[in-house]
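Let the hints inform the model, and build the full structure from the sequences given.
Those sequence lines, one after another, are chains R and C.
First residue of the first sequence? That's 6 in this note's numbering, and the numbers climb one at a time after it.
First residue of the second sequence? That's 5 in this note's numbering, and the numbers climb one at a time after it.
Derived from the structure by calculation, the hints contain no laboratory data.
Incorrect hints may have been included.
[Unchecked claim] Below, in silico cross-link-like pairs of lysine-lysine (DSSO-like), each with a Cα-Cα straight-line distance of 30 angstroms or less:
#1 K194(R) with K135(C)
#2 K194(R) with K21(C)
#3 K52(R) with K21(C)
#4 K213(R) with K176(R)
#5 K243(R) with K176(R)
#6 K194(R) with K127(C)
#7 K194(R) with K258(R)
[As the list claims (entries may be wrong)] Have a look at the derived ranges for each label pair, beta carbon to beta carbon:
#8 G158(R) with C48(C): 22 to 32 angstroms
#9 V68(R) with E91(C): 47 to 57 angstroms
#10 Q106(C) with D8(R): 53 to 63 angstroms
#11 P275(R) with L92(C): 35 to 45 angstroms
#12 K194(R) with D40(C): 31 to 41 angstroms
#13 V134(C) with Y160(R): 24 to 34 angstroms
It should be emphasised that the depicted structure is a prediction, and the values quoted were computed from it without experimental measurement.
No residue lacks a Cβ here, since even glycine has one placed at the ideal position from N, Cα and C.
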Amino acid sequence: MFDVDYIRPQDLEEALDFLSEHGPDTTILAGGTDVMIDARSGVLQGKYLLDVSRLSAMHDIEVRENELAIGAAVTINELNASETIGRYAPALQKATHRFASRQVRNIATIGGNVAHCSPCGDTIPPLLIHDAAAVVVTPRGRRVVTIEEIAGGPYHCTLKPDELITHFILKPKPDDVEFSDFQKIGRRKELAISRMSMAAMAGQAGDKSISFIRFALGSCTPTPSRFREIEEMLLGRKPDEMLLWNAGRLLSKRMLDITGRRLSAVYKEPAIQGLFVRMMYPLTR
Amino acid sequence: MKKSRYHLRFALNGEEKSLDIEPGISALELIRDILDLKGTKEGCGMGECGACTIIVDGKAINACLMFAAQLDGRTVLTVEGLGRDEELHPIQQSFIEHHAVQCGFCTPGFLMSAHALLEENPKPERNEIVKAISGNLCRCTGYQNIITGIEDAAERCCRSQKISKK
Numbered sequence: 006m007f008d009v010d011y012i013r014p015q016d017l018e019e020a021l022d023f024l025s026e027h028g029p030d031t032t033i034l035a036g037g038t039d040v041m042i043d044a045r046s047g048v049l050q051g052k053y054l055l056d057v058s059r060l061s062a063m064h065d066i067e068v069r070e071n072e073l074a075i076g077a078a079v080t081i082n083e084l085n086a087s088e089t090i091g092r093y094a095p096a097l098q099k100a101t102h103r104f105a106s107r108q109v110r111n112i113a114t115i116g117g118n119v120a121h122c123s124p125c126g127d128t129i130p131p132l133l134i135h136d137a138a139a140v141v142v143t144p145r146g147r148r149v150v151t152i153e154e155i156a157g158g159p160y161h162c163t164l165k166p167d168e169l170i171t172h173f174i175l176k177p178k179p180d181d182v183e184f185s186d187f188q189k190i191g192r193r194k195e196l197a198i199s200r201m202s203m204a205a206m207a208g209q210a211g212d213k214s215i216s217f218i219r220f221a222l223g224s225c226t227p228t229p230s231r232f233r234e235i236e237e238m239l240l241g242r243k244p245d246e247m248l249l250w251n252a253g254r255l256l257s258k259r260m261l262d263i264t265g266r267r268l269s270a271v272y273k274e275p276a277i278q279g280l281f282v283r284m285m286y287p288l289t290r
Numbered sequence: 005m006k007k008s009r010y011h012l013r014f015a016l017n018g019e020e021k022s023l024d025i026e027p028g029i030s031a032l033e034l035i036r037d038i039l040d041l042k043g044t045k046e047g048c049g050m051g052e053c054g055a056c057t058i059i060v061d062g063k064a065i066n067a068c069l070m071f072a073a074q075l076d077g078r079t080v081l082t083v084e085g086l087g088r089d090e091e092l093h094p095i096q097q098s099f100i101e102h103h104a105v106q107c108g109f110c111t112p113g114f115l116m117s118a119h120a121l122l123e124e125n126p127k128p129e130r131n132e133i134v135k136a137i138s139g140n141l142c143r144c145t146g147y148q149n150i151i152t153g154i155e156d157a158a159e160r161c162c163r164s165q166k167i168s169k170k
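Below you can see the structure in the form of structure tokens.
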């Protein structure tokens, strides 16, 4: 049992009023799958749990004016089942297939996964390749924060105590971009935190050269990130195995530049190259 | 700071429940310690074993990862609501006949995951069964009998639905 009060606001205004008064003492609760773990490990600071999971303002999935909007309280399973996500953000949908377990997917939310700022959050690399941003509201107004800006470091969320993510805005996958994938390596097929994860989107011109590319890496660096150097290396080139291995080697080098050569490098260095080539291989055909 | 108690109202195994709770307890503590239903087990307390699986609004959920207060207004099923001593649910009967139970600790969780699957997908393929129970760990059986048990349960449930429709 934890020493907290549970509050469930009826609407967004009520939630923001509560945060304006009690923000620093409040933990935002959506699915609760990460909150409960934090509570058990003694990391939970707040006196209040603010349950935003049922706020109708945070449940939509829709495309409007060439933007894909996903409510922060949308569950991982809802993303998994959504035709809109399958069409406009397929890498994100693929990331939900093996996310944790079915039991967790049924209540965990995309907002929680992003705001928890785990280096291994599986929704984050796909959000990065879609240039996603979070719409963050406070009693004072609203601001837009890119996914890259939300995490200041592992498990360090830069949002202020009275701020609430209501939804995410993604650039939809362009119709002429046919390749989009998410791959992860975990110790098991399910119930496995990613040891490494990758998301990519690529479009090819008539001569097979890459006309559009987005790539992001997760679980290997303090926060998941886009690797624009890899994108630049591939853009305009006709992909073959040699190019992919070279790009994979550059990727592992850049990863090690960030993390330093840890004990896990013996495993991660070849694994990241192999996973990259495996994921991008369809582009060579 | 004095916490206030939280008044919880939800449907449990077909019965309306209305009670005051400490807001900081998990759904698992509520079910086992306050409501005295011991079928749902705590295997890890971290959402990594599925022994605490219950069904909330038709969806399989780890009770150890939910705060009890999140159950407010929901419909909850635990293993006690699945069948009765005098008349086991077809899934339970199938588990027994296919030797899908050894120590039995994981069994309630598997029954719940299986039931949630069959309610949503009455005729699952084997790989769909495997995917649906991937959030439940068993240290005894090696899973094959559990999978076969669920395959057979699907047929039994299908048959009994046809019988009740006649």
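Right, here's what the structure says about each hint:
{"no.": "1", "hint": "K194(R) with K135(C)", "verdict": "holds, 10 angstroms"}
{"no.": "2", "hint": "K194(R) with K21(C)", "verdict": "violated, 38 angstroms"}
{"no.": "3", "hint": "K52(R) with K21(C)", "verdict": "holds, 27 angstroms"}
{"no.": "4", "hint": "K213(R) with K176(R)", "verdict": "holds, 24 angstroms"}
{"no.": "5", "hint": "K243(R) with K176(R)", "verdict": "holds, 25 angstroms"}
{"no.": "6", "hint": "K194(R) with K127(C)", "verdict": "holds, 23 angstroms"}
{"no.": "7", "hint": "K194(R) with K258(R)", "verdict": "holds, 27 angstroms"}
{"no.": "8", "hint": "G158(R) with C48(C): 22 to 32 angstroms", "verdict": "holds, 28 angstroms"}
{"no.": "9", "hint": "V68(R) with E91(C): 47 to 57 angstroms", "verdict": "holds, 50 angstroms"}
{"no.": "10", "hint": "Q106(C) with D8(R): 53 to 63 angstroms", "verdict": "violated, 39 angstroms"}
{"no.": "11", "hint": "P275(R) with L92(C): 35 to 45 angstroms", "verdict": "violated, 52 angstroms"}
{"no.": "12", "hint": "K194(R) with D40(C): 31 to 41 angstroms", "verdict": "holds, 36 angstroms"}
{"no.": "13", "hint": "V134(C) with Y160(R): 24 to 34 angstroms", "verdict": "holds, 32 angstroms"}
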